[in-house]
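Novice: Sequence:
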Amino acid sequence: MRRLDGDVDAAACRAVWADAVDSAWREAPVWFHGDVAPGNLLVRRGRLSAVIDFGTCGVGDPACDLVMAWTYFDGPERQVFREAAGLPADAWRRARGWALWKALATMAGLSSPDPEGFQRGVLGRVIEDPVAV
Numbered sequence: 001m002r003r004l005d006g007d008v009d010a011a012a013c014r015a016v017w018a019d020a021v022d023s024a025w026r027e028a029p030v031w032f033h034g035d036v037a038p039g040n041l042l043v044r045r046g047r048l049s050a051v052i053d054f055g056t057c058g059v060g061d062p063a064c065d066l067v068m069a070w071t072y073f074d075g076p077e078r079q080v081f082r083e084a085a086g087l088p089a090d091a092w093r094r095a096r097g098w099a100l101w102k103a104l105a106t107m108a109g110l111s112s113p114d115p116e117g118f119q120r121g122v123l124g125r126v127i128e129d130p131v132a133v
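Every letter in the sequence shown is one number past the one before it in this note's numbering, and letter 119, counting from 1, is 119.
It is worth saying that the hints were derived from the structure and are not from the lab. Be careful, since some hints might not be right.
[To be verified] DEER-style ranges, computed between Cβ atoms: (1) 11 to 114: 21 to 29 Å; (2) 6 to 47: 40 to 48 Å; (3) 88 to 18: 13 to 21 Å; (4) 85 to 45: 19 to 27 Å; (5) 86 to 3: 33 to 41 Å; (6) 14 to 118: 35 to 43 Å; (7) 14 to 47: 35 to 43 Å; (8) 56 to 11: 28 to 36 Å.
[Unchecked claim] The calculated EDC-like cross-link candidates involving lysine to aspartate or glutamate, where the alpha carbons are at most 20 Å apart (straight line), are: (9) 102 to 53; (10) 102 to 90; (11) 102 to 27; (12) 102 to 9.
Just so you know, even glycine gets a beta-carbon here, dropped at the ideal spot from N, CA and C.
Produce the entire structure from the sequences given, and follow the hints as far as they go.
Specialist: As structure tokens, this is what we get:
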């Protein structure tokens, strides 16, 4: 956030982060993909048919696979996604922290390039919509 000083709402970012790190996955470890994004999802006849690119998969907390809720969905779609995933509210708080981290890292030039400013929109959605009500 130091690199983005004055460019982001640091207090709101810190609040999202504090909420995210205030919980932990206490269930048995589960497989996660680690990079659920449109480019890694194959669709056939309007339905998900495959998931590809398992370069970051692992075993542990599935919260990282929920990041697309803020990256690709609007408010009502996020809620549908949340209900379909069936994970507890604390997983969504951690997922929101993942989305915050990725947006800030990209905006600060520490990750993938973002010439169109897509991650600024993600950051706005992360701050505005916690989903985990």
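Novice: For the hint 33 to 41 Å, verify it against the beta carbon of residue 86 and that of residue 3.
Specialist: With Cβ atoms ~37 Å apart, the hint holds.
Novice: Measuring from beta carbon to beta carbon, are residue 6 and residue 47 in 40 to 48 Å?
Specialist: Since the Cβ atoms of residue 6 and residue 47 sit about 45 Å apart, the hinted range of 40 to 48 Å holds.
Novice: Sort out whether residue 9 lies within 20 Å of residue 102, counting only the CA atoms.
Specialist: holds, 16 Å
Novice: Sort out whether residue 53 lies within 20 Å of residue 102, counting only the CA atoms.
Specialist: Holds, at roughly 19 Å.
Novice: Verify the CB-CB distance for residue 14 and residue 118 against the hinted window 35 to 43 Å.
Specialist: This hint is violated: roughly 23 Å between Cβ atoms.
Novice: Does the beta carbon distance between residue 14 and residue 47 stay inside 35 to 43 Å, or does it fall outside?
Specialist: holds, 40 Å
Novice: Please check whether residue 88 and residue 18 have a Cβ separation lying inside 13 to 21 Å.
Specialist: Cβ of residue 88 to Cβ of residue 18: about 18 Å, so the range 13 to 21 Å holds.
Novice: Evaluate the given range 28 to 36 Å for the C-beta pair formed by residue 56 and residue 11.
Specialist: With Cβ atoms ~31 Å apart, the hint holds.
Novice: Quick one, are residue 102 and residue 27 close enough, alpha carbons at most 20 Å?
Specialist: Violated: residue 102 and residue 27 sit about 25 Å apart, past 20 Å.
Novice: Are residue 102 and residue 90 close enough, with their CA atoms no more than 20 Å apart?
Specialist: At roughly 19 Å apart (the allowed maximum being 20 Å), residue 90 and residue 102 satisfy the hint.
Novice: Look at the Cβ atoms of residue 11 and residue 114 and judge whether their distance stays inside 21 to 29 Å.
Specialist: The hinted range 21 to 29 Å holds for residue 11 and residue 114, with Cβ atoms some 23 Å apart.
Novice: Lying within 19 to 27 Å: is that true of the beta-carbon distance residue 85 to residue 45?
Specialist: 23 Å Cβ-Cβ, so the 19 to 27 Å window holds.
In this structure, the earlier hints numbered 6 and 11 are contradicted, and the remaining ones agree with it.
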